[in-house]
Amino acid sequence: MTFTRREALVLGAGGLATITLAPAAMAAAFEDAIAAFTGGAAAGEGGIEISAPEIAENGNVVPVEVSAPGAEEIVVFAPGNPAPAVCNVKFGPLAGSQRLSTRIRLAKTQDVTALARMGDGSFVQVARTVKVTVGGCGG
Amino acid sequence: MISRRDFLQATVAASAILGGSGVGAWAQIAARQQLTQDQLLEFDTFGNVTLIHVTDIHGQLKPVWFREPEVNIGVGEVRGLPPHVTGADFLKLYNIEPGTPEAYALSYEDFTALAKGYGKMGGLDRVATVVKSIRAARPDALLLDGGDTWHGSYTVMKTGAQDMVDAMNMLRPDAMTSHWEFTLGIDRVTEIVDSLPFPFLGANIFDAEWDEPAYQPYEMFERGGAKVAVIGQAFPYLPIANPRWMFPDLSFGVREERMAEMVQEVRDAGADLVVVLSHNGFDVDRKMAAQVPGIDVILTGHTHDALPEPVMVGQTLLIASGSNGKFVSRLDLDVQNGQLLGFRHKLIPIFSDVIEPDGEMAAHIDATRAPFKAELEEVIGQTDTTLYRRGNFNGTWDDLICNALIEEREADIALSPGFRWGPSLVEGSAITREDIYNATAMSYPNAYRNEMTGEQLKVILEDVADNLFNPDPYYQQGGDMVRVGGMGYRIDVTKPQGERLSDMTVLATGEAVDPAKTYVVAGWASVNEGTEGPAIFDLVEGWIRRKGTVSVDPNTSVQVEGA
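Protein chains in written order, with the working numbering: chain A, 1196 to 1334; chain B, 12 to 574.
These are calculated hints, taken from the structure and not from any lab test. On a predicted model such as this, the values are computed, not experimentally measured, just so you know.
The following label-pair restraints were derived from C-beta to C-beta distances:
id	chain 1	residue 1	chain 2	residue 2	range
1	A	A1230	B	A301	34 to 42 angstroms
2	B	W221	A	N1283	23 to 31 angstroms
3	A	R1298	B	A441	52 to 60 angstroms
27 angstroms max Cα-Cα, derived DSS-like pairs, lysine-lysine:
id	chain 1	residue 1	chain 2	residue 2
4	A	K1303	B	K506
5	B	K469	A	K1303
6	B	K298	B	K506
C-beta atoms are modelled at their ideal positions from N, C-alpha and C, and glycine is treated no differently.
Given these sequences and hints, build the entire structure.
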């Protein structure tokens, strides 16, 4: 049995942190999830927009909206969460628009990331930094 | 009561600048002569539309001293740009002679000496005189209030801000926006808003549950043959910087896309001029002006900057009108067929000994304060040090508050929030109860006493530092750094969050702060519901009363790098 480098990293990190995933493991899980979605293809820019607050008012319910006209499928990731995958939405040929809106929980400040698989099989990607703050000193 | 002191000439910003292509030199009249009300108000009425802007009055009905900041660091693209220019650099940038009334009004240099000579500034009765004078020249001038009006004084607390509401109504504003207003609690805000004879605007205030607009976003006015749209933008980070439980059903945010939609909507409705009445803070407005096309004027607020000239971002004029009633901005505009063809601007300094109080407003203010006169004027102690708050890292008022917190709550370390409101008090002054409330009055005043580890302290300080020094203005909250008593630190403002602070040191022992060790920390203005402890104004009053005369040592406990 052989391990890929990424699997080795996951295992190594898992050995160090038993309760929360170490950053390296989370990054790896995120990269794996993206690779699984795109099949390893590079994702382009443009044609996809993400809307989220710059700073979360409540990290437990952060509104996120993603729009990618012409997309067949949109996925959203919270790479800084213990489980980065947020949702996976497929749009049928009769869908009036290719847009999703939801609320997600964010464990900490991170780049919320969305990818879309377009009608021609290409992929596009967008990210937005959402800060989760302790707050309290605006004046 | 009002002595007509000898003043040097000071018409702050008698600027006559035409065309959107740039800002001309600030007219500087060097001749020594007496300062008069006529000079302060002198203005050649221009164009067909006049805007009058007041903002961040923070409940100050009476004239105050207000020392401008010594440290006001800009990061990233705005490093070294106004308003991040202070002291001698500021005077040089705007061609102001040291020691002049403009220097006193706009910078901190020689503040104590100049304050004794030039006296207090502001007072809503003087503001009323200025507004009336502008309306005499332009009867349909629009008066726009940028918010932070119903907050910040003893009488605001005792009347639920009715004192400010009534006084402002006498000025007949045409619209306002908001921030600290919401710390009155949503029920009181709704009660006041329902009573206002003018719109309370907030394009970026939404219902938190359904994400639908919660307040009127804009108002259209017909002025001088032009359609003027005024879009309101409340402070974006109210539920984060202030207690969310006081207005649990509201959501705010910068919401740049929403602003772009509103600009488009008012343009489609035929607006010839688009004005944003903003409580974003200056750097956020500067970015928004660059990002959102079609805004002619942003009347900025929140960060309390006073700039004698507009800052131009592309074709957008940014106006900064100071705080605490110290200034009124007048902006005359030539608007023709949907085009802003020219402007003339003046930041009018409200020298309280020069501008005659408006009789009607003065009488109203006196009547409002009369029931509280004895409490307001009671002398609690004296100060040997000039007390002020503004500055990115510390001010003597907060040093005093931290000293009081450490002693009264028997703490190792004290935290005082980086608010920008709160007038100054010149050395040798009596400290009255009103003075203490001016620096501390709020609706969540409990002075807590908690145990925190060194690591928790670091996380909090890093978090606040990022609210101030994040290079992207949209992530800034517009306050100053939390003030720390009993602990020193080093900060590199150019580093990312988590890496800015180092050398955290317990001042009493000189030992490094141990991440694993627990410290007793006292502070106030926690945004958490149910915070326990005495009200900060009572705590500070008790401490000053015991001391009799207070003085504050120079603060050298914060070492700043990368500024």
